[in-house]
Structure formats: structure tokens, C-alpha cells
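Peer 1: What follows is the residue order along each chain.
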Amino acid sequence: MVVVGVAAALLLRSLPLLSTFSLFELWGGQVWQPMRGLFGYAPFVAGSLWVTAVAMAVAVVPAVFSGIYLAEYVSERGRGLLKPLLDLLVGIPSVVYGLWGILFVVPLVRDWIGPWAEQTVGDGLPFWGRTSPSGYGLLSAGLVLGIMVFPLIVAVTEEVMRSVPREMREALLSLGATRWETTKCSVRCVGLPGILAAVVLGFSRAFGETLAVMMTVGNVAQFPSTIFDPVYPLPALIANNYGEMMSVPLYEAALMHAALLLLGVVVVFNVGARLVIERLVRRIR
Amino acid sequence: MKQVRRRRVRRALEEQCFLWLMRLSLLGAVGVLGMIVGVICWRGVGALSWEMVSSLPEGGFYLGREGGILNALVGSLYLACGATVLALCLAVPVVFYLHTYASKGRLRHSVRLALDILWGIPSIVYGAFGFAWMVSLGVRASLLAGILTLALVVLPILARTLDEVVEMTPVLLRESTLALGATRLEWMGVLLRQSLPGLLTAILLAFGRGIGDAASVLFTAGYTDNLPDSLLRPVASLPLAVFFLLGTPFPEVQARAYAAALILTAIVLGVSTFAHLSLARLGRYVIR
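If you read the protein sequences in the order shown, they are chains A and B. The first sequence maps to residues 1 to 285 in my numbering. The second sequence maps to residues 1 to 288 in my numbering.
Next comes chain B alone, as it looks inside the complex (with noise of 0.2 Å):
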């Protein structure tokens, strides 16, 4: 009897054991995040002005005289909306596909590997490989081929996370689509109107991707203090100014690192936030 008791108290202390172990390490991880963000937060919001936000960087600006970092700015902003919009035309049409005329099984499973696959090349080869495009071809590094190798970065993310909610969508409403009489494009039209809140968070989750990947765009897309103006000219980008500010000796210009990291840090958190929100918001309208 003893011994059994024994036993049941050990049973139960290895459980609250395991139990505090998990709870700790999921604690530790959600700590980091709150500090990776106080941290910025904290060192970025001294250097924050409206004149970072507004204004190009000046002649002295990388030895600590005004300007600002305009140029990332908006930079980043055209070279992620391209790529986003790129991709879009890309995985739409894919995914689509894949849940209405393709047969179940083979090529689906194949392509979902192949998606995952490109999901897990690391961003920097990516940014090699249009290199070596743009060596050959002759091209300077350029907003261009900055949208065209970001593309190649988003698009397995945008595609498998429609693909993730497209599977979604009922089988019940797929079959009495088909019963009503309605044909494939028709189901492919319903299928679209009940995924649209997902389309819009694959597209927001595939944008703060984008906006922040610096690897791709190092070698591609250059960098520069002016604005763009064309598709054919280098272009700034956010995570390259944080990078290349925090590079100089001189702690004032560091500073304004922080607060560049701080921007971009606040624009995808709420990127992705709004993401979260949008598909708990919209999704409410869709059948389930």
C-alpha cells in the first residue's frame, strides 16, 4: 500500500516537473519577444524625430548632421509592395488551380513540397542567384531586379499560407456548388470570395516578410540616398539602413540605427498584428 502511494506521488511529481519545464520555456520565449521590443523600443525612441521620417539624407547625414532616412522608407515600401504584387499574380492562379482543376493527390502534394522547399532557401541565395541573372544579363543592381529576386522570396510564403486556407473551406460547400450545376470556373469564383479574408493575410504576412528581409536585396537592389525614380536605378532599403548606419563609428549615427530598426521593427509587427486581426475580423463572414 505504501509502495503504491509512493508511486502515485511520484507519478504526480514528475508531471508538475514536465509541466513547469514546458510552461517556463513557452514563458522564456515570449519574454524574449517583449525584450527583443523594449530593447528596440527603448535605445530607438531618443533618436526618433520627425525629421528621420521625412526628409533624405544630407551631405554629412553618415557623420551625423541632419537628414534623415527617407529613401529607406520609401524604398523598402516600393520593393515590398512589388514583390508582394508579383507574387500575388504568381500564387493566385497556383493555388486556384491546384483546388479546382487539378486532381487530388500527386501534383498537389508535389508542388506543396516544392512550395516548402523554396520556403526553407535561405534568402541569401536567393539574393546570389539574381546576381548571377543580372551579371549575366548585364544589369546594374536596380529596384527591378530587387522586386524580382523579393518575389522569389515571398512567394512560397504567400502561396502556402492561401494554400493553407484554402483548404479550409468545407467539403460540403465545394460539392453543392458542383450539384447546383455550377462549373469549375464558377466554383473557382466562390472559392475566392470565401477565402478572400485569408488572401488578405497571406498578402499582409507576405509583406512584413518582404519589407524586412535584407539578405535578397544586398546584392540586387543596391543602395542609394536618393529617392527612386525609376524601375532601373538602385534603390535604399530599411534593413540595409539599419545595417549600414550601425556600421559607422560614430555613436549619434548609431543611434539613428536604432531608431531606423525601431520603424521597421514597429511597421512589421503591425503588419502582421493587423494581419492576425483581419482574419479573425473578416473570417466571421465566411462559411464555415
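Next comes chain A alone, as it looks inside the complex (with noise of 0.2 Å):
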């Protein structure tokens, strides 16, 4: 229900926009001008996606293959010492994860991995040309949200692949077949929907991620054509405008909307994500 009245509260906001402007032109719109009245979301919908796509890139594999480790080897108490660890991770408010990207992932990739990059790959492969020298953007933003989503992944993957029934694994060891081997079928044939659900909450949350995002990622509104452009993802766009949003006619409405369309994905995502693995665990059990 709360869902439900967020939702028409920023709709109720937005309506001076969406009576101005069509869905199409806000949504296909490239330029954000708000003086001129030009309110096209296109660059920050890709801001986002980009940011957000170079985070899984960097969690989704470490993360899953911690997930089913904690789920499938570690023995009880060393799940005892791990989790809380984990959990320390989730906790880090997002300003000091962006703070540590200031400090440490952004001289980082200026320093080393742009100018290797530049030096061996460059124009090798797509998207490594190097075009940014301060640092700042997509690779650096990328890192800090991997970071904050793993936890999550980690998380759920290990919920789902906890609830693989125990008798299919101790038939699979007693035919043979290596640990290893095990998890692989038990993946493969139960927890795969679980961990793409896994992967898909954890988009679902570095999409709304704000401030780690928003203090590293440059803030430049642009489609990106390397790894090390900066971008403006959305709810950045939100933050930092909310000054003087008062001042601009529709502007308010503009960041509404926007706070909708972060919203609505969000929503989807989640409830996509929950319904399988609630189904998966059901089944099971």
C-alpha cells in the first residue's frame, strides 16, 4: 500500500510534466535544459544503465561464487565468523563507501589502470580507449556499487542454494561425483532462477544507489564512449538539483518524475526477483 501511495504521490507531482510533454519525447528526449524547458531523460536513464551494468560486471561472479562457497563448504561456525562480516559490508553508510572511492578508487584507476589501459589494450578493445584523465566516472563509480551490492548477492545467492534439498546432494555424492561436481548440478538444475534473481536485486539496488555514485561517478550528462567517461546517472540528477528546483517552472515536476521512473524500475525488478525465489523456495521445501 505504501508502494502504491509513493507512487501516486510523485505521480501527482509530475502531472504538469506528463500534461506538457509526451512519454516519448521525456523518455527519448537527449537534451536536459531545464531554463529552455528541454527535459529529455535519455542521458541519465543511460547513465545509469551503464553504471549500474559495470557494477554486475564487476559483483556478479565473485559474488556468486561466494554465495554458493558460504552455502556449500563452509562448515557452521565458520558461517558464524563470515556472515556478520558480510554484514559489516551492508552496514557502511553510502557516503563513507563514496568517500573511500574518492580516496582510493579514483586515484586508482587515474593512476594505474587508465594509463595501463591506455598503454596495452587502448583502442584494442571497445569502450577502453581512455578519454577522462581525472579519474572520475563510469570504471570508479562501477567499482564503489559493485562493492556496496555484493553483500546482497552474496546473500541471497546463499539463501537459495541453502534450500537445494539435502537427499539430492547426498545421492549425487554417493553416485561419485566430486563437490564440486555436485554444486555445479545443483546449480543447474535448482538454483539457477534463485542466483539470476540474486543478480537482478542486487541491479535493482545499485540502480538507486545515490551518493557513493553521485561523489564518484563526475556528474557530466553524456552518453558514454569509454569505460572512463563520466556520466550522470539519475538519482544523482535528483540529488543534486533539489536546491533550486523551486525556481524553474516544472522543474519540480521534472525530478518527480524522474524519482517515478527510478522507482518503477526498481519496483519491477524487486518484485520479479522476490516472486521466483519465493517460488523456488517453495518448491523445494
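I should point out that these hints are in silico values taken from the structure, not numbers from a laboratory. For glycine and all other residues, C-beta sits at the position ideal for the given N, C-alpha and C. The reader is advised that the hints may include incorrect statements.
Unchecked claim - Dumping the calculated EDC-like pairs for lysine to aspartate or glutamate here, alpha-carbon to alpha-carbon at most 16 Å:
#1 A/LYS184 x B/GLU51
#2 A/LYS184 x A/GLU170
#3 A/LYS83 x A/GLU159
#4 A/LYS184 x B/GLU15
#5 A/LYS83 x A/GLU72
#6 A/LYS184 x A/GLU72
What the hints assert, rightly or not - Heads up, incomplete: computed chain A residues facing chain B, CB under 10 Å, no partners named:
#7 VAL45
#8 PRO62
#9 TYR97
#10 PRO151
#11 THR183
#12 CYS185
#13 ARG188
#14 VAL199
#15 ASN219
#16 VAL266
Mind assembling these two chains? They're in different frames, but the hints should get you there.
Peer 2: Written out as C-alpha cells, the structure reads:
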């Protein structure tokens, strides 16, 4: 109910904008100039998608591996030690992640990864030719964001893998399969939708993350041509402009519409993923 | 024979390969956690002083003169405490109703799903939502609005954690309580006592999350250099203090941002560790 309430309120506030422009104009528009009354979300949506994609590319494989490891290999004692550590990773405020990004990841990208990419792969690979010398950009934000969503994916993967019935595992082991083969089989036969759901949950968390991204992504509204380019994701757009939005007509409505867009994407993904997980866990039981 | 042996070696090798990959990724995550804490400590400790945490920012604070971030510290505590208490007032009845009066099945599933979805909504959306309300009601940024918005952020965390804890109570306990002729309300009392350690953990986790959340209070609570003296005045908060101090061009002011981040991290990690320890400690007095 609260979800509907939030959506309704945001919709109500963004109505003035919707009555002026069509959805197609808004979502496909390339130019964002509130002073001239142009509100095109395309660069921001693209920015959000890109940052999230980089984050997922960084996080998914290690996170899924860690989740499987926690569920299949670690003893009860070891799990009791490791899980609180991952919980600590969840608990760190996003502004601290952002600060860590500025202090560590941005210099890393600027002084090491950037020059290295320029010298070795450079233009050979798509998206790796270097253009931004500041270090603030897609890659930095993606790395920070990847670390932030890591524990979430681990937790969900582990939950799904642990719901695989014991009998199945025992049957496989008694047939002479190694532990890894057992794991492979239970992932393939049972856990795959759940792991996909975990990835989707991570994606939607990353999509809505605000401060850490805003601090490291560079905030330039453009379509990135390389992985070092700065972009401007949707949440950063909302957070950066709240101060001035009362003075320009339709500006507030435009930002509320951005929030609505964000909400829509996240809720759809969440509902889908949660339903898959719930069904999976219940079916196995 | 030779073929069989070779295949066995290959299988063992594959096992070892993936085992080390998995260990490596987990180790990497723990290493990154250590590194984050390390970097924040290393950069923050230099600027940390008693003055930082015990005085208000003075005239030239943002230019590098004396002052502290007491306003943000106190403001954050007010915001997080208020939001946690408010969310608690909502979460406890809902969860306990679900586990005593509501029939198993549909309702519980849908409430859980709703809470999970609420948990997934980014806090900036809550911030925008709170702001939309404030504009239509004609209120300015204030402590009250901040608390209300933050309560929305914290509510699903609190309710879902509590739900998990209450779920762990053994069925036998419920059956024997009811078999002794207890009413549902009395069973609720037993359940409450049974899940007190978990309740404490949930409160602490929610508090830790609330104090670190910046995007939702950015719109709704505002920022000020004074201590909060009324519910209807703007209030500062630690994450925003870090953010704003970092935005200044002077290195010595930025160092203060590192110190503020160190304080924030210390609070959050302390609360989180305490939550886990208290669950392990107090959990011994619970019937399993």
C-alpha cells in the first residue's frame, strides 16, 4: 500500500510535466535544459544503466562464487564468522563508500588502470580507449557500486543454494561425484533462477544508489563512449538539483518524474525477483 | 586404466580450481572491507580531535577555522532515534499480529513481499516522496519531516528482521502454550519475551542503517549549523556533513570530512557489532 502511495504522490507531483510533454518526448529526449524547458531523460537513464552494468560486471561472478562457497563448503562455525563480516559491509553508510571511492578508487583508476589501459589494450578493445584524465567516471563508480551490492547478492545466492534439498546432494555424492560436481549440478538444476533473481536484486539496488555514485561518477550528462567517461545517473540528478528546483517552472515535476521512473524500474525488478525466489524456495520444500 | 586415472586427476583439478576461486572472491570481499575501514581510519585520525566532536561549527568553519561537527552528531542521533522509535511503533504490532492472530499463508506472504519491496526502494525515492508531501503541505525542511521519511526507510529493515527472528520460535512452544489454555494475547506475551534479544538486534540494525542514510534526509531534514531545538526546524546530519565538508575546496576542511566519516563509520560498525554480539549473548536465554 505504501508503494502505491509513494507512486501516486510522485505521479501527482509530476503531472504538470506529463501534461506538457508526451512520454516519448521525455524518455527519448536527449537534451536537459530546464531553463529552456527541455527535459530529456535519455542521457540520465543511459548513465544509470551503464554505471549499473559496470557494477554488475565487477560484482556478479565473485559474489555468486562467494554465495555458493558459503552455502556448500563452509562449516557452520565458519559461516558464523563470515556472515557478520558481510553484514558489516552492508552496514557501512553509502557516503563512506563514496569517500573511500574518492580516496582510493579514483586515484587507482587515474594513476594505474587508466594509463595501463591506454598503453596496453587501448583502442584494441571497445570502450577502453582513455579519454577522461580525472579518474572520476564510469569505472570508478562501477567499482564502488560493485562492492556495495556484493553482500546482497551473496546473501540471496546463499539462501537459495541452502534451500537445495539435502537428499539430492547426498545422492549425487554417493554416486561418486566430487563436491564441485555436486554443486554444479544443484546450481544447474535448482539454483539457477534463484541466482538470477539475486543478480536482479543486486541490479535494482545498484540502480537506485545515490550518494556513493554521485561522489565518484563525475556527473556529466552524456552518452559514454569509453569506460572512463563521466556520466550522470538518475539518482544523482535528483539529489544534485533539489536546491534550485523551486525557481524554474516544471523543474520540480521533472525531478519527481525522475524519482517515479526510478521507483518503477526498481519495483518491477524487485517484485519479479522476489516472486521467483519465493516460488523456488517453496517448491523445493 | 590410464584414461580413468587421467580423468580423476582432471576432476580433482577442476574442484581445486573452483574452490580457490571461491575462496579468493570471499577473501577479496573481506579484504575490501578491511581496506575501507583502514583507509577511513588512516585519513580520518589526523583531523580527529576533541574539539571536532564537542563544539558547534563557528563562523569560518567551512574555511578551515575552529569549530566542530556537534550539530551533525546530535542531529543524526535525533533523526535516527526518532525514526527507529517511530518504525518500531509500526513494525512490532504488524509482526506480532502476523504471528499470533493472522492465519498462516496468504496474508503473511503478501506482507513479507510488500516489506521486501519497500526494502528495495532506493532512499532517494523516499526523499523525493517526503519532499512532495512537504511541498503540498507547505512545510519547510525540518527534523519532523526527516524523522518521518527516515522512518519509512527504516521500517522494512526493522519489520523484516523482527519477522525472521519471531519465525525462529519453535512450534512446540506455541502449541504447549496454547494447550495450557492461554489466550492468543497471552501467547503474544510469551512470543514477545521469547524474541526480545532479536528485537534488540533489529532495533540496533535499523538504527545503524538510519544514521548512515543520507539521500532521504537530503531533501527533508535540511542542514543547519545549530543544534536542533524544535521539531519544526531544520537539522544537520553526519552523512550530509561529510558530503558538504568534502565539497569545499580547502584540504584542511576536507580532512574534517574524513574525520566525520571516521566517526560515522565507528558508530555504525560499533552498533552493528554490538547487535551481533547481543544476539549471541542474549540468545542463550531463549527457548529453542
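Peer 1: It remains to establish, for every hint, whether it holds in the given structure.
Peer 2: Here's how the hints hold up against the structure:
{"no.": "1", "hint": "A/LYS184 x B/GLU51", "in the structure": "violated, 57 Å"}
{"no.": "2", "hint": "A/LYS184 x A/GLU170", "in the structure": "holds, 14 Å"}
{"no.": "3", "hint": "A/LYS83 x A/GLU159", "in the structure": "holds, 12 Å"}
{"no.": "4", "hint": "A/LYS184 x B/GLU15", "in the structure": "holds, 10 Å"}
{"no.": "5", "hint": "A/LYS83 x A/GLU72", "in the structure": "holds, 14 Å"}
{"no.": "6", "hint": "A/LYS184 x A/GLU72", "in the structure": "holds, 11 Å"}
{"no.": "7", "hint": "VAL45", "in the structure": "violated, 15 Å"}
{"no.": "8", "hint": "PRO62", "in the structure": "holds, 3 Å"}
{"no.": "9", "hint": "TYR97", "in the structure": "holds, 7 Å"}
{"no.": "10", "hint": "PRO151", "in the structure": "holds, 7 Å"}
{"no.": "11", "hint": "THR183", "in the structure": "holds, 8 Å"}
{"no.": "12", "hint": "CYS185", "in the structure": "violated, 13 Å"}
{"no.": "13", "hint": "ARG188", "in the structure": "violated, 14 Å"}
{"no.": "14", "hint": "VAL199", "in the structure": "violated, 14 Å"}
{"no.": "15", "hint": "ASN219", "in the structure": "violated, 12 Å"}
{"no.": "16", "hint": "VAL266", "in the structure": "holds, 6 Å"}
In this structure, the earlier hints numbered 1, 7, 12, 13, 14, 15 are contradicted, and the remaining ones agree with it.
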